[in-house]
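J.: Here is what each chain is made of, one letter per residue.
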Amino acid sequence: MEIVNVTNLIKEFPLSRGLTDILSRKRKTMRVLDNVSFSVLEGETLGLVGESGSGKTTLARILLGLIKPTSGKVMFKGEDIFNLRRLNKLEVHAVFQDPDSSLNPMMQVKDIIAEPLFNTKMSKKDVDENVIEILSKVGLTKEIATRYPFELSGGQKQRVAIARALIKKPKFIVLDEPTSALDVSIQAQLLNLLIELQGEFGLTYFFISHNMNVISYISDRIAVIYAGQLVELGTVDELISNPLHPYTKLLWACVPRPDPETKISVKDFGEVPSLINPPPGCRFHPRCPYAMEICKSISPTLEKLNNIHLVACHLFSRR
Amino acid sequence: MSSKNKGKIKISTFYLRIVRSILKDPLALLGLLIVVCFFSISILVALLGDYILPYDPIKMDFSSILVPPSLNHLFGTDRYGRDIFSRILAAAPTDAFVSVEVIILSAIIGIVLGTLSGFAGRAIDEIVMRLTDIFFSFPSIILAIAIAAVLGPGVRNAAIAITATWWPTYVRLARAETLRIKSLEFVEAAKVSNLSSYQIVLKHIIPNILPTIITYATLDLGGVILTYAGLSYFGLGAQPPLPEWGSEVFAGQDYLVVAPWWPIFPGLVIAIVSIGFALLGDGVRDAFSKQFVSK
Amino acid sequence: MSVTTFVLRRLFMSIFVLLGVTTLTFIISRVVVPNPARAWIGPKPNPDLLKALMKKYHFDEPLYMQYFYYVIGLFTGDWGVDPYSSIPILTEIRMYFPVTIELTILSSLISILLGIPLGILSATHRGKTWDNAVRLSYLISTSVPIFIVALVLLLLLGYWLKIFPVSGQLSLNVARPPTITGLIMVDALLTGNLNAFIDNLYHMILPSFTLALSSFGIITRLVRSSMIEVLEMEYTKTAKVKGLNKNKIFYKHCLRNALIPTVTIFALLTAYFLGGSLFIENIFSLPGMGRYTTQALLMFNIPAVMGTTFLFALIIIVMNFIADVLYALLDPRIALE
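Residue numbers (our numbering), protein chains in the order written: chain A, 3 to 321; chain B, 2 to 296; chain C, 721 to 1057.
In short, the hints are calculated from the structure, not lab data.
For each residue, glycine too, the CB sits at the ideal point set by N, CA and C.
Some clues are possibly wrong.
What the hints assert, rightly or not - No farther apart than 30 angstroms at their CA atoms in a straight line, the calculated lysine-lysine pairs in the DSS-like style are these:
hint	chain 1	residue 1	chain 2	residue 2
1	B	K204	A	K173
2	B	K183	A	K173
3	A	K70	B	K192
4	B	K204	A	K123
5	B	K204	A	K70
6	A	K126	B	K60
7	A	K112	B	K25
8	B	K25	A	K126
9	B	K192	A	K79
10	A	K144	B	K25
11	B	K192	A	K173
12	B	K25	A	K127
13	C	K848	B	K25
14	A	K112	B	K204
15	B	K192	A	K126
16	A	K75	B	K183
17	B	K25	A	K173
18	B	K192	A	K127
Stated by the list, open to error - Distance windows between CB atoms, simulated:
hint	chain 1	residue 1	chain 2	residue 2	range
19	A	K30	C	P1007	34 to 40 angstroms
20	A	G156	B	R181	49 to 55 angstroms
21	A	S182	B	T213	40 to 46 angstroms
22	B	M130	C	R976	29 to 35 angstroms
23	C	P837	B	P27	38 to 44 angstroms
24	C	L914	B	P27	21 to 27 angstroms
25	A	K30	C	L921	33 to 39 angstroms
26	B	L30	C	F1020	32 to 38 angstroms
27	C	W850	B	L180	36 to 42 angstroms
28	C	G793	B	Y256	42 to 48 angstroms
29	B	R181	A	I134	54 to 60 angstroms
30	B	A121	C	F1020	38 to 44 angstroms
31	B	T213	A	L317	54 to 60 angstroms
To be verified - Just some of the chain C residues that point at chain B, by a computed CB distance under 7 angstroms:
hint	residue
32	G740
33	Y784
34	I860
35	S863
36	Y879
37	L881
38	A991
39	V1025
40	F1032
Can you make the complete structure from the sequences, with help from the hints?
T.: Here it is as structure tokens:
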């Protein structure tokens, strides 16, 4: 069953204009998300992978109701989140990337965690009990409740952020690169904790990362975003065994391997194009080794190959 | 049980490092010494008044007119035979009081308008910013003098007049800090947690901008004292026969050649206090930037 | 954003701020003297005369109409009348303004000559004795009240050492050149009266030096920090690596880029000079705007005080606008932001 349904999402940010533009009433915008559609199934983890600047965080902010899209719809359990955002928000929460910036340095851990309960009519005693309970769920001791963020390690901080996201028993959690600021060993601990909690609370995750290893470890399905467009979407196994889009192949090729000799980076194959003046046609064609004439003029749409695999590439287009 | 203490440890380690850095800087230390002396003397004089002043600062004594500085009269006497040293000491509490009053009022206005400006959307931001522009367009001493003159002379009105020219800086400061804090992820998290803008400002923004504003405000006291000296020079502070540093200089400047001690000593006291604040401020700014670099 | 857009936007903002300034001066002056006509005419007014005066100056109309006439007046040269001398404020300002212009220009020159070299010295000797000495000097410069500096210099150089005259614009035995621009030095040059030029300059040096002494710190501080910034920039280091002559690097690359930001502080500096003129012109008995303002203040001559306050704000707004435009032209990056 779908819990979140995103259709034809477009997000444009206005750019400052020169005098001639104002006089000619020309609007200059930067299209950060271009016609993005997908759905998240209840209980799954949908991974979103892409380079920085590809629109991942903007998508997360829209799903959380923090910014409004230019057009398109975001439905949560069948209701538009921008109509009923106050009500529905109660079932959505988030874990952000940087634990140093996501915890208020002037607040104690117990107050940080209890924040989602702030506007409920729960008694102080119940709030405290909830905090103690959730602390143990995320693997932290009671003593941490009265500490300040600066007294915690990076992993502990991120556990606090997870506790805050969970305390009100939401259904859907947006995780925006929650482990990218941490050491590899702690990353693994945290990913396992997230998987554990998902089973225990019946959570649905929308997990954003630029790290292919992380994303394939935690996700059930993966969506690949490039320059504001979804280029491929499918189950983890399908995308590992049978990646179709040249960009997905590039991402796999660049996954760090134990052998340092073959270390290559996505950046070696050019940069994400400017979103102010994106290339015409397929946005990936300037970097694509298989680019054809058609790619320079016509933008491919995300097409269903089979039940578990969608791709936006002229190489696989049936038309 | 230890929650309160933990908070104190955090604040104190930060300030402790600043203090340690100041203790190593001789000029900043001198500034600190001057500032501490100024406030201690002000408090002592305000509490004990006539008991500790060597002479009555107001009573005239025509047997000792324009006496040059000596052990009896440290800074000499004025043309009414009043001891200038006693008059300078007697005027200190007014300066301390006015500077603290102006700074607190300005900081409150700054925090209210600055957070509003940084948080309430473009239209309000634009209005508040242009309002500060208007006040920044006047040479501040001239606007303060004009307002004080219009309200009528007196300590209270002088404080109001200085506040009227002082608040815009604090609005800018609070706004800039608000914009910085606003972009941090804990504010986003609070929005997701269903907190209203008002709650976010109270719980997240204000506690995080306060340390910067308090630090700036403390060092800004010297600026107010300097401006207040300018106002009282033109007779817009406490009224005669009450003593006032600036008005002492004004009254004495006609006797510059005959009795230079009359205008010069009160002037030097203003200069020393003002330099004290400047030295301390420079030291603290230095310590702060070192803190940020070492991070 | 193009430079034209930037300039037009700044112009629009300046006009808005100027209107705000008029509102503020209007409010302040009308709060004190709700009916100026009554104040001017004395304690026992002739009712007909009062009525005529009120009509003439629109005091019988609602406040917003009074504001309208006030703004129109400000922009058409009717700044009200001095109630004591019955001379229009603007005419009086014209009499007093030239001295302040002379003072401001001389002070600017002295503080540039003092401020820029000290700033460079400080930046190139960062952390060393010279740097500390300069920093201490500008701290003292900006924190000692200007009237103290004036009195001490007057006592030392004027009365005790008798190097400079202690008051006035000209010596008693020097005739004032005929008024053409009002600026004595310019008039003296125009009429070929070198004697008067030198004598006036001689009289203006001490007041200008005092004013410069308590404001050069602003320039020094800015030059120091922007110089340090430029010295630490990559291309300066690159230029060194390329083996360019050290002096050449210094003058061609650093100095030019370091001095651009100083353009922006001239409005601030002017504000300092105008504020300082209040004290300086009183202490050195110079018949300028500062003295006019303080005299008006002591006599509770509100129309004159508000007239000069408005003029000072107008000057600073114009200066700010010019500085912004100059800066945008010198360093186009700023306009792009």
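J.: Output the numbers, in ascending order, of every earlier hint that fails for this structure.
T.: 6, 7, 8, 10, 12, 17, 19, 20, 21, 23, 24, 25, 26, 29, 33 and 37
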